[in-house]
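A.B. asks: Here are the chains, one letter per residue:
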Amino acid sequence: MVDALESVRKALRPSGVIFDLQPDAAHQPTVAVRDRSGRHALGPLLRETDEDVLAAHAARDGLVRAGRFSQVAFLRRTYRTSVATLAAFDADRRSHTPTWRLARGVRPRLLEAWRAGGKGAGIETTRRMSIVVLRRRGPRRSIASRSP
Amino acid sequence: MNRDRTRRADGEVWTNTSLGWFRERLGPPGTGGYPPPGLELRLIERYVPLAGRDVLEVGCGDGRLTFQYAARARSVVALDANADEIERAREMARRGGFRNVRFLARAVQAGRLPGGPFDVALLTWSL
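If you read the sequences in order, they're chains X and E. Residue numbering for the first sequence is -14 to 133, as defined by my numbering. Residue numbering for the second sequence is 9 to 135, as defined by my numbering.
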């Protein structure tokens, strides 16, 4: 991450801006079924904290502290994704490492709501993303390099 | 450049090609685990409008985000280490007539980047 950000920094104009979009490392997703009668919240999806994302955040913060970038903003936004089948929902859960698991009791409620939803029902997952905005800063001049 | 642009009610400018691509490839908005089309750009453009900018995108995949803003950027260099994804993005760019976009299968750290310097860099769901 540090090498990537340094490479990007070199390619930016002075005062150029970086937007770092990541899944939110700590957010607990939730699942719901949406059908013609509305949205039925079912419960959380359990996940481990994403260590790779945390490491990326730490690397980026280190570059800010080192004066390579200034942090302009840190945003979080929640959003929903939707799939049309249980198989697609399970495939999505399994695409994460480690796999996202359903909290105790959520699976039976999901199956019941899904069956009751009928044709056109969708399974929604609520997720959160983060966006960090960084502005390039010039190289710090050491005291030794300054003109007398 | 694309002549078949449309402006949505919320002010987002899309090409017919990219709209069709999203419908065909990703299904309804919000599928695939990524935010629905438009959300990321609305947040980004609160800070820097991408119109007329030279943009570097790192981790572009098959151009999911790229094609949402490419029509209004001045130039785009979009990178991903996955050569198959980049080939799909190139094919889409050809079909859509995006002449201002270069998709490159490489890591950002792998030497000097062509097309710079850039006004904006987007690190899109890449670590």
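Note that these hints are calculated values from the structure, not bench results. Any given hint could turn out to be false.
[As the list claims (entries may be wrong)] Using C-beta positions, here's what the derived DEER-type ranges look like:
#1 X:A88 <-> E:R82: 22 to 30 Å
#2 X:Q56 <-> E:R114: 45 to 53 Å
#3 E:R110 <-> X:P(-1): 17 to 25 Å
#4 X:S22 <-> E:R110: 30 to 38 Å
#5 X:A11 <-> E:E95: 29 to 37 Å
#6 E:A115 <-> X:G105: 40 to 48 Å
#7 X:A88 <-> E:R114: 16 to 24 Å
#8 X:G52 <-> E:D92: 34 to 42 Å
#9 X:E(-9) <-> E:A59: 22 to 30 Å
Glycine included, C-beta positions come from ideal geometry on N, C-alpha and C.
A.B. asks: Can you list which hints this structure breaks, lowest number first?
C.D. replies: Per hint list: 1, 2, 4, 7 violated.
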